[in-house]
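Chemist: Spelled out, the chains give:
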Amino acid sequence: MAFFQVQLKKGTKTITENIESKDYKDVLEYYYKLSSCEVIEIREWLEKEKSTQKDDGDYIKAVSLVVRNSLNESLRFRLPKLKKSVDEKELDNIIISNLTVGNKKPNRIEKTYTF
Amino acid sequence: MLFHLTLKQGHRSDTMYLESSSETKVKNFIKLTSTATLISLKKVVYSKNLDINYSITNFIETKSHNEELEILVQSNSYVDVINIKYTKKNLDKETIVNTIKKYLYLKGEPIINVISITQESINEGVSPTKE
Chain Z
0 MAFFQVQLKK GTKTITENIE SKDYKDVLEY YYKLSSCEVI EIREWLEKEK STQKDDGDYI
60 KAVSLVVRNS LNESLRFRLP KLKKSVDEKE LDNIIISNLT VGNKKPNRIE KTYTF
Chain H
0 MLFHLTLKQG HRSDTMYLES SSETKVKNFI KLTSTATLIS LKKVVYSKNL DINYSITNFI
60 ETKSHNEELE ILVQSNSYVD VINIKYTKKN LDKETIVNTI KKYLYLKGEP IINVISITQE
120 SINEGVSPTK E
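Read top to bottom, the protein sequences are chains Z and H.
Residues 0 to 114 in numbering that gives the first Met the number 0 are what the first sequence lists, from first letter to last.
Residues 0 to 130 in numbering that gives the first Met the number 0 are what the second sequence lists, from first letter to last.
It is possible that some hints are incorrect.
What the hints assert, rightly or not - Pairs of lysine-lysine residues, derived as DSS-like cross-links and limited to a Cα-Cα distance of at most 25 Å, are as follows: (1) H:Lys84 x Z:Lys21; (2) Z:Lys24 x H:Lys30; (3) Z:Lys49 x H:Lys30; (4) H:Lys106 x Z:Lys103; (5) Z:Lys88 x Z:Lys104; (6) H:Lys30 x H:Lys47; (7) H:Lys92 x Z:Lys103; (8) Z:Lys49 x Z:Lys82; (9) Z:Lys88 x Z:Lys53.
These are calculated hints, taken from the structure and not from any lab test.
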């Protein structure tokens with residue numbers, strides 16, 4: 000069994016619901032049978048954490064990243080609260096080791112820092 | 000695999016999508032780079048906009064579905080309420096009960112009974128006196 004977050008669309012309204020089901024196909028069937036909304040996205044919950052730490056301001060505000068693969072496909076995201084200890088080269092290495100773009104290892108990374 | 004993440008530190012939350020080959024690597028990436036806490040991690044298993052497991056269905060949008068159902072359901076050990084907004088019109092009780100029993104679970108247990116179904120109007124921003 001798994002928990003799913005479902006994003007639905009009704010006209011211009013977007014609705015988010017959480018339900019428990021066996022797999023995403025059953026979630027689709029459930030909404031198809033009962034709801035008049037269109038299912039836009041289904042996300043399976045993997046982890047939820049309630050406790051957070053205090054904002055001490057001891058970080059680089061954010062870094063906007065464009066990560067590309069050899070086919071020039073890209074993944075764009077904004078990483079908030081970058082650790083001050085992580086320099087550009089280290090950030091490149093962490094991205095290459097942990098992320099993919101179109102199932103391929105990244106080979107080009109563009110960064111824009113916000114201080 | 001595509002993941003949907005929410006990070007939080009202080010009062011501010013940030014949400015993003017990341018692609019990686021595993022859940023562990025996503026967590027590792029955040030742990031090594033950000034001072035914020037990863038408060039939610041989800042795997043995107045279906046997406047129309049991002050074309051993940053998406054297949055064109057016969058979905059037809061209609062405006063004549065303005066009811067919310069409040070359904071009291073029961074498993075062997077638990078009782079809970081399920082709300083469904085914008086339900087299809089003219090659904091009979093049997094269809095609702097069978098669909099819920101077939102597709103939904105309650106804290107890992109199959110739903111064995113639907114105790115009650117209550118219909119509630121959804122506020123569409125229109126005063127009831129004008130209708």
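Chemist: Hints first: check each against the structure and report whether it holds.
Modeler: Outcome of the hint check:
At most 25 Å may separate the alpha-carbon atoms for a hinted pair to count; H:Lys84 and Z:Lys21 meet this at roughly 21 Å. Restraint check for Z:Lys24 and H:Lys30: not satisfied, since their Cα atoms lie roughly 32 Å apart, outside the 25 Å limit. Pair hint Z:Lys49 plus H:Lys30 holds up; C-alpha atoms about 16 Å apart against a cutoff of 25 Å. As the CA atoms of H:Lys106 and Z:Lys103 are separated by approximately 37 Å, the hinted pair breaks the 25 Å bound.
A hinted pair counts as satisfied when its Cα atoms are at most 25 Å apart, and Z:Lys88 with Z:Lys104 qualifies at roughly 16 Å. For the hint pairing H:Lys30 with H:Lys47, the CA-to-CA distance comes to about 30 Å; that exceeds 25 Å, so the pair is violated. Using a Cα cut-off of 25 Å, the hinted pair H:Lys92 and Z:Lys103 is violated, with the two alpha carbons roughly 49 Å apart. Between Z:Lys49 and Z:Lys82 the alpha-carbon distance is near 21 Å, which keeps this suggested pair within the 25 Å criterion.
A hinted pair counts as satisfied when its Cα atoms are at most 25 Å apart, and Z:Lys88 with Z:Lys53 does not qualify at roughly 28 Å.
Of the numbered hints listed earlier, those contradicted by the structure are 2, 4, 6, 7 and 9.
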